[in-house]
Every structure is written in C-alpha cells, then in structure tokens.
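Student: The chain contents come next:
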Amino acid sequence: MSAFLDIPLPQAAASAPSRSYWHVVWRQLRRDPMALASALVLLLILAAAVFAPWLAPANPYKASMLRRLLPMASEGYLLGTDELGRDMISRLMYGGRISLLMGLVPVLAAFGIGTTIGLLAGYAGGRMNMVIMRVLDVFYAFPSVLLAVAISGALGPGMSNSLIALTLVFLPQVVRVAESVTTQVRQLDYIEAARMSGAGAFSIIRIHVLGNVLGPVFVYATGLLSVSMILASGLSFLGLGVKPPEPEWGLMLNTLRSAIYVNPLVAALPGALIFITSIAFNLLADGVRSAMDIRR
Amino acid sequence: MSAPLVSIRDLSVQFRGNRTVSALNQVSFELGSGEVLGLLGESGSGKSVTLRTLLRLHPERTTQVRGHIQVARQEVLALQGRELQLYRGGTVSMVFQEPGMAFDPVYTIGQQIAEAIQAHEAIDAASARQQALRMLERVQIPQARRRFDAYPHELSGGMRQRAMIALALACKPKLLLADEPTTALDATVQIQILLLLRELQRETGMSVIFVTHDIGAAVEVADRIAVMYAGRIVEQGPVAQIVGKPRHPYTAGLLASTVGAANRGKPLMAVPGSPPDLAALPPGCSFAPRCASASNQCSREFPPVRSQDDQTLACWHPLHPFTEAA
Amino acid sequence: MNTTVAYQAPVHDRGGPAQPLLVVRDLKKYFAVRGGLLERTRKFVHAVDGVSFSVLKGKTLGIVGESGCGKSTTARLIARLMTPDSGSMIFDGDGVAEFGGIELKEFRRNLQMVFQDSFASLNPRLTIAETIAYGPRVHGVPAAQANRLARELLARVGLEPGQFGSRYPHELSGGQRQRVNIARALAFSPRLVILDEAVAALDKSVQAQVLNLLQELKAERQLTYLFISHDLHVVHYLSDQVMVMYLGQVVESGPVEHIYGKAAHPYTRALLSAVPSMDPHHRTQASPLNGDPPNPINPPSGCRFRDRCPHAQPVCEARTPTLMAVGGNVSHQVACHMNDLLSGQFETIQEISV
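Residue numbers (this note's numbering), protein chains in the order written: chain Z, 1 to 296; chain P, 297 to 622; chain W, 623 to 976.
Be aware that one or more of the hints could be misleading.
Claimed, not checked - Pair by pair, the computed Cβ-Cβ distance ranges are: (1) W:Lys665 with P:Asp400: 21 to 31 Å; (2) W:Pro922 with P:Gly396: 21 to 31 Å; (3) W:Asp648 with P:Gly396: 28 to 38 Å; (4) W:Gln907 with P:Glu411: 34 to 44 Å; (5) W:Gly715 with P:Lys562: 29 to 39 Å.
FYI, nobody ran anything at the bench for these hints, they're computed from the structure.
Note that the Cβ used here is the ideal one computed from N, Cα and C, for glycine as well.
Generate coordinates for the entire structure from the input sequences, incorporating the hints supplied.
Tutor: This is the structure in structure tokens:
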C-alpha cells in the first residue's frame with residue numbers, strides 16, 4: 001500500500017481559497033492610501049472631462065472682450081476668464097478631454113504595438129531580434145522631448161500628428177521592456193515543457209508567454225502616463241499640437257503667458273491641472289508597481 | 297569537564313512580516329571545544345536559521361530573538377558595534393552553500409582574504425598577504441600562488457569552495473559554521489571538501505557546526521548529530537547512535553527512506569505528508585500529523601526534552617526510550 | 623486508489639518487446655564559444671561527443687555523471703528540444719529524422735520530460751489543471767474532455783482534484799509541484815519519460831514518496847524511463863541499466879549490478895567510492911579523485927579521463943578508447959584501454975565492492 005496516498009492537507013490550503021494573481025494585486029491596491037487617493041483624483045478629472053458637455057457652465061468658445069481676464073471667484077465665473085474672455089472652468093473641462101486623450105492614447109498605442117513587437121523579437125531571438133532592436137535603438141538614442149518635437153515638426157502641427165509622434169517616442173521603450181522579459185521567460189522550463197507538448201509558437205506565445213510579459217510591461221506603461229501628459233502639453237505649448245481656438249491645457253498655458261502679470265492665478269491654472277494629473281498618474285503607477293511586487 | 301565552547305539555551309526566533317513565522321522554538325544544545333556537530337534536517341527545519349542567529353545575521357527590525365547564546369564565554373545576543381565585528385570572523389566564521397556567494401566579483405580572492413585578516417589583526421598589508429597565501433596553500437588549492445591573483449569567476453566550483461574555507465579560517469575562528477557547503481558540488485568534489493574540513497578541524501582544534509540534509513555527509517564529518525524538525529531539535533546524540541539506533545520516529549523515517557541498493561525492487565518506506573507551514577504550526581508535536589506512532593497526547597502537548605548522558609530526545613512515544621524510563 | 627483512470631492505449635507498439643524502444647547512435651552536439659572579435663579559431667564546447675546507447679521497453683536507463691558530462695544536453699537532444707549536429711535516433715524501429723511540423727507534433731506524444739526545477743516548469747499564471755490540460759488541448763482534444771483527463775491524472779498522482787485543481791504553482795510545495803509535472807507528462811500517454819534530475823531538488827522524505835509514485839506508474843502504464851541523476855543511490859534503486867558519462871562521452875554502460883558491483887572504468891570506480899560512507903566507524907579516508915571535473919571546451923586528446931586517471935599510459939593519449947564488451951559479456955561495455963587486448967596495456971581489472 002503506497003505510503004504517499006494519505007497526504008494531510010497543508011495548513012494554509014484548508015482555510016484560504018485560491019486567488020488569481022490579479023485578484024491579489026487588486027486587494028493590495030485597495031489597502032494603499034496613496035494609490036487610492038490618486039485614483040480618486042484621476043477619476044474626478046476624468047469625469048469632469050467626459051461629462052464636460054453637460055457639466056460645463058458656459059460655452060468654451062464664446063469670447064467676450066469685455067470680460068477679459070476676470071479674476072477668480074468673479075460673479076458667474078468661478079475660476080475667472082482667459083485673455084479672450086472665455087470661461088476658465090469650461091475651457092479647463094473641455095481642455096481636459098483633449099489633454100487626457102493626448103496623454104493616454106500614445107501610451108495605449110505604444111503598449112499594444114510595443115508588446116507585440118517585443119514579444120516577436122524576444123521569442124524569435126537571433127538575427128531578427130537583433131535587427132528589430134537595433135532599428136529601435138536609433139529612436140531610443142534621442143531624448144524624448146527632442147524626438148517628439150522633431151517628429152512633430154516633420155509631420156506638421158495637428159492633434160493626430162502629435163499623437164503619432166508621441167507613440168513613436170514611447171514605442172522603443174516599451175519594446176525594450178517587453179523583449180527583455182520575453183527573453184527571460186523564454187528560457188524557463190515551462191516553455192520547454194510547452195514545446196514538448198507539440199504546441200506551435202503562436203500558441204505558446206499566446207498562452208504561456210503573454211500573460212507573464214504583460215505584467216512588467218503594464219507597470220512600465222503606467223509609469224509612462226505621467227510623462228506622456230507632460231510631453232503632450234509641451235508639444236501644444238510649442239505650437240506643434242492642437243491649434244487655437246481648441247482648448248488644451250498646454251496651449252492654454254501658452255496663450256495665457258501674457259496674462260501672468262495681470263492675473264497670475266488664472267494663468268497658472270492649466271499648469272496646475274497638468275501637474276496634478278501627472279502626479280496622480282505617477283503615484284498610481286507606483287502603487288500598482290508595489291502591488292504587483294508583493295505577489296509571493 | 298571544561299565549559300562548553302558553545303551553549304545555546306531556549307533559543308526562539310520569530311520573523312515578523314505579513315505573517316509571523318516561528319523559525320526556531322526553544323532550541324538548546326551545547327558544543328565542546330574541538331567537537332563537530334551535524335545539524336540534520338529538511339527545508340524549514342530551522343537549521344540555517346540557527347547558524348545565522350549565531351552570527352546575528354538577521355535584520356534586527358523584523359526578527360525577534362529570545363533565549364541565550366554563549367560562545368567562548370561571550371553573550372552573543374548582547375554584542376554591539378566593534379565587539380560584534382570582532383566576534384564575526386574572529387570567534388565564529390561561516391562557510392556558505394553557494395561557493396560564489398562569499399566573494400566580491402571585482403576583487404581577487406587573495407585581496408579579499410588579506411582584507412579579512414587585516415580587519416581582525418593589526419598587521420601590515422605585506423604580512424597579511426603572506427598569511428592569506430599560506431591559507432590558500434593549507435586548503436590545498438593547486439598552484440596557490442597563481443590562484444591568489446585570480447578573480448572568483450575564474451575558479452571552478454570546488455576551488456571557490458576551498459577559497460571560501462580559506463577566507464573563513466583566515467582569522468583563526470574558534471567555531472566554524474558550515475551551511476550545506478557541499479550540496480552544490482559534484483560527488484567527487486564533495487568528498488574532497490568533506491575530507492578537507494575534517495583534516496582542518498583536526499589540525500586547528502576548532503569546533504564545527506555542519507548543517508546538511510544529507511545523512512552521508514553528516515556521518516563523514518560529525519561526532520554528534522542533532523536532528524531538527526519544524527524549528528526544534530527532536531533528537532541529539534553521538535553519530536553512531538543516531539544512525540544505528542534512532543529513537544525519534546522522524547529520524548527513523550529519514551534513515552529508512554534513504555534510497556539505496558537494499559531497497560531495490562521494493563517500495564520505499566516514505567514518510568507521508570510534507571513539512572508543516574511555520575506560520576501556522578499545529579499545537580502539540582509538529583511531527584504528529586505525519587507520525588505513525590502518534591497518539592492524542594502528541595497532538596495536544598509538545599513533548600518535553602529529556603536527556604540522558606550526551607543524548608536528548610523530545611518524543612512521547614520514542615522507538616527506543618531512554619533506559620531511565622519516566 | 624482507483625485504477626479506472628482513462629488513458630489511451632500506447633500509440634502503436636511496432637516491434638514487440640525484444641526491440642529496443644530507443645536506439646541512439648553517435649549523437650553529437652557542439653556549442654560554439656564566442657571568442658573575441660579577432661579570434662581566428664573558434665572554440666567549441668564538446669557537450670555531447672558521439673553518444674550511443676539503447677533503451678529496452680519497460681526498463682529504466684540511468685544516466686550518471688558530473689557537471690559538464692553532457693547528460694542534460696543528451697536528454698534535450700532526445701526530447702528534440704535541440705537539434706543534434708549529427709547522429710541518429712530510432713524510436714521503436716522508426717527513424718526519427720529531421721522532421722518538423724505535424725510529424726514532429728505527433729511524435730512528441732511518445733516522449734515526455736520532467737524537469738529538475740519544479741517551480742520553473744510551471745507557468746505561474748495558469749492553474750495546475752489548466753497546465754495539465756494544455757497539452758491535450760494542443761492536440762485537438764476538446765476542453766471538457768481535457769479537463770476531465772487533467773482531474774483524473776491529478777487524482778492518480780495523489781493530489782485531490784477538487785482541492786488542488788484550481789491552485790496556482792506558488793501555492794504548492796516542491797513535492798506537490800513535481801507530481802503535477804509528472805501528471806502533465808502522463809497526459810499524452812507517452813511511452814518514454816525522461817526524468818532530468820526530477821527528484822534532485824526535493825527533500826529526502828518527499829523524494830521517497832515521488833520515487834514510489836514513479837515506480838507504480840511505470841508498472842501500471844508500461845512506461846520506459848530515462849533517469850538522469852548525479853545521485854548514485856537513487857540511480858541504483860531505480861535503474862535496470864546504467865550509463866556513465868564523462869565529458870560528453872559514454873565511458874561505461876551495462877546492467878545495474880555490473881556497474882555497481884563490477885565497475886570496469888576507473889572513473890566509475892572513483893565515482894562510486896566518492897559517495898559518502900554511512901558507517902561512522904568506516905569513514906572515507908582518501909579522496910578517489912583529485913581536482914575538479916575539467917572544462918568541456920577543447921578536451922584532452924585520446925582518452926578524456928587520462929589526466930585524472932591513476933592508470934594512465936602513453937597509449938591513452940594516443941588513441942581514444944571505444945566501447946567494448948567486458949569479459950565477453952556484451953551487455954556490459956566500457957571504453958578503456960585496460961579492457962582492450964590490442965592496446966598493449968591490458969591489465970587485469972580488479973573487482974571492487976561497493
């Protein structure tokens with residue numbers, strides 16, 4: 001009679017049900033006050049931006065030379081007006097839509113495209129890997145701001161062009177992370193075991209490699225969000241992004257420059273929002289990173 | 297009978313983190329000068345924790361240590377600052393499992409051994425180098441002169457282990473702690489290192505605590521063996537007695553499940569189950585869930601440690617009870 | 623325990639019991655060592671250098687050797703995780719040539735492997751039931767059936783499926799994970815299972831449990847094992863035949879009683895006497911070999927063991943010994959000039975007791 005059959009249950013197993021990895025991460029996040037606060041702030045900003053058409057008190061495009069640069073807490077204009085007399089609250093809310101879009105979309109795009117390229121490069125190895133990585137190194141060699149400005153300048157102003165420019169700036173970084181993790185994972189025994197089952201390369205990548213690569217890349221990408229916000233606003237500030245009269249925080253910073261001596265508080269508002277959003281993304285990313293670290 | 301070199305009484309170590317892990321529970325033993333003690337156990341038994349506590353290597357903030365440790369008439373748990381620095385390496389030294397671990401990869405091994413010597417003795421650099429070279433020759437590294445200027449990655453596993461022994465012995469410690477020094481080595485190298493340790497111990501007269509999970513290695517070097525399970529010592533005694541007539545069911549289980557020619561063709565007498573979770577130890581004897589001789593008392597109450605001559609035992613239903621049966 | 627586990631009968635047993643299940647001839651695998659930019663001659667690691675052996679059906683072949691001997695590389699070559707530089711392999715009478723695609727995928731069902739690192743062998747993101755079911759799914763088995771098979775296999779290896787099926791690898795102990803690896807290998811109903819140091823990383827008490835399990839499964843499913851290990855005790859317990867490797871070559875092979883009782887090669891004898899003694903009154907007094915296992919890059923000419931061998935002679939440097947029968951017994955072979963009448967250095971081989 002086999003002695004191994006009567007295996008007593010390990011103590012931990014009897015009490016706790018099995019939890020998936022993302023469930024554990026979520027629980028860790030819930031206990032982190034910084035991450036929660038940042039998430040709340042971001043949620044508010046996002047809600048204000050999304051529901052701007054319903055929430056904004058005035059038309060963001062309606063100018064009035066009479067009511068230029070009203071200070072904050074003026075009657076009817078809680079946050080004052082800008083240099084063309086447009087209500088700041090509405091401008092900021094509508095501006096949030098564009099700014100957030102310009103911040104989020106490039107990171108999402110880089111995440112999707114970059115992970116795919118990184119997976120392919122990492123799994124293929126050899127010559128193909130070298131070719132892909134060296135091509136991307138050319139882009140990686142430039143500082144992000146410089147590269148963003150250069151590509152934007154080459155493509156011309158406009159929102160879609162700056163989105164493309166920003167995506168291209170972030171792409172090499174994401175690919176680098178994805179490729180490095182894929183290369184590590186590829187050497188582990190469970191990949192060999194999957195090959196022994198006769199699985200094809202795509203099946204192995206999809207089921208075994210992807211899940212383990214998404215984690216680190218996701219962490220890296222959330223860290224990019226804050227940078228993206230600032231770069232996007234920076235491009236608009238330089239006149240390479242959105243054109244007036246569209247509201248956009250970076251652009252607003254530019255046009256309100258002349259008002260610094262007249263109404264400094266109002267002039268600083270768009271900057272304050274860029275700052276708050278960026279910091280909130282940063283802190284949230286930190287929280288996610290720690291939560292994903294504590295898995296064992 | 298002279299005072300023992302090492303005296304550990306009721307040592308308990310807990311790690312506090314997300315969960316509180318009781319790594320050691322009321323561990324007590326003594327070691328005379330020139331004696332070799334083998335600490336035998338599996339993963340989670342607490343054998344490595346014992347060694348690290350002897351050197352105070354655990355982070356102070358998250359570790360709670362209670363009990364008494366006396367080495368060469370010094371209260372180890374009370375040492376601070378310079379005293380502690382002199383104690384580590386000078387009185388007690390350690391050899392690790394991974395041969396590469398003790399060495400900094402950017403310095404030659406000769407430099408590192410000489411540095412250790414200078415940290416403990418007030419001599420000049422040239423004499424320290426001479427002493428370091430002599431140590432390398434003593435651990436039988438071939439072409440010691442050349443190896444003196446070698447970097448750790450240029451040496452093979454066996455030679456790195458010899459170099460680590462040289463480093464550990466450079467300051468002539470009274471007690472050498474060896475944490476599974478041969479587990480990561482090939483068979484032919486392993487026996488060389490075991491013989492080397494035995495020879496060095498005879499030459500220097502130092503005491504050795506040798507931690508291993510391999511009974512054969514323990515038999516080759518130890519005078520006495522202490523068997524650990526789930527943070528406690530369940531049985532201690534001279535090596536011939538432990539191997540020949542074990543009293544505790546766990547020791548007997550370990551010996552019986554030793555694979556070899558004798559069992560060929562028959563199923564092995566395996567100890568069922570697996571080692572317990574140290575954060576959630578069952579009440580009573582930790583081995584009871586896996587023990588064939590367990591009774592209700594075993595699950596309720598932890599057996600007291602009884603001793604006779606130089607043996608100790610903690611078991612309600614030993615296979616060979618002490619003759620002075622209580 | 624139930625024996626009504628559903629498994630398919632072996633794919634097809636072509637040649638009958640007398641035909642070896644696996645015949646390997648002259649397997650070679652060299653790895654190029656990247657030298658500096660200006661290096662002319664490329665150095666090679668002779669990982670596997672002309673290895674030949676055969677495994678009979680239902681038997682266990684143990685492969686022993688120290689680090690650098692090439693046993694793990696040999697295992698991976700046989701498992702087709704790497705392609706050999708030269709050599710041939712015959713599986714139950716069929717040549718296993720350089721095929722790929724569908725044929726290789728089908729062939730993989732015959733041969734499975736259990737790795738040493740039980741944790742790295744399991745995808746941390748999948749539950750263990752999903753891991754076991756993955757293989758059959760790859761071969762087109764529908765999900766429900768694959769899951770049922772996974773649960774049956776879990777039960778067979780002693781892990782209760784209701785309790786363990788939805789667990790993740792980090793929630794199991796080493797011994798439990800290794801059982802999962804065994805279950806995964808069995809999901810294909812393989813005929814040959816390669817165990818690459820499968821029990822080396824386990825605690826001794828758990829090791830015995832897993833070894834018992836392996837023996838039972840072998841009898842139940844008519845498996846053939848290729849057991850690679852550095853632990854001579856375990857090999858002695860499990861194997862029917864033993865093969866000793868040194869620096870990429872086979873130095874001795876034969877039935878287990880011959881290898882352990884009448885070893886003919888000096889390296890085998892050194893390896894056997896290097897095992898620590900279990901008797902405190904008769905401890906080992908002298909080390910059988912000095913120095914470390916040598917570097918597999920550019921090995922010595924002739925017999926590779928000659929610079930550590932106590933019996934080395936000039937002929938050992940001049941000519942490489944080939945595997946030849948010992949004393950007329952064709953099943954026990956050794957590659958040593960002392961065994962070769964024509965070498966001019968024939969010595970009587972002493973018997974040792976282990």
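Student: Each hint needs a verdict: does it hold in this structure or not?
Tutor: How the hints compare with the structure:
Taking 21 to 31 Å as the suggested C-beta distance range, the pair lysine 665 of chain W and aspartate 400 of chain P conforms, at roughly 28 Å. At roughly 27 Å, the beta carbons of proline 922 of chain W and glycine 396 of chain P sit within the given window of 21 to 31 Å. Range check, aspartate 648 of chain W to glycine 396 of chain P: Cβ separation about 36 Å, and the 28 to 38 Å hint holds. About 36 Å separates the C-beta atoms of glutamine 907 of chain W and glutamate 411 of chain P, a value consistent with the hinted range of 34 to 44 Å.
A beta carbon spacing of about 34 Å between glycine 715 of chain W and lysine 562 of chain P agrees with the range 29 to 39 Å that was offered as a hint.
Consistency with the previously given hints is maintained throughout, with no hint failing.
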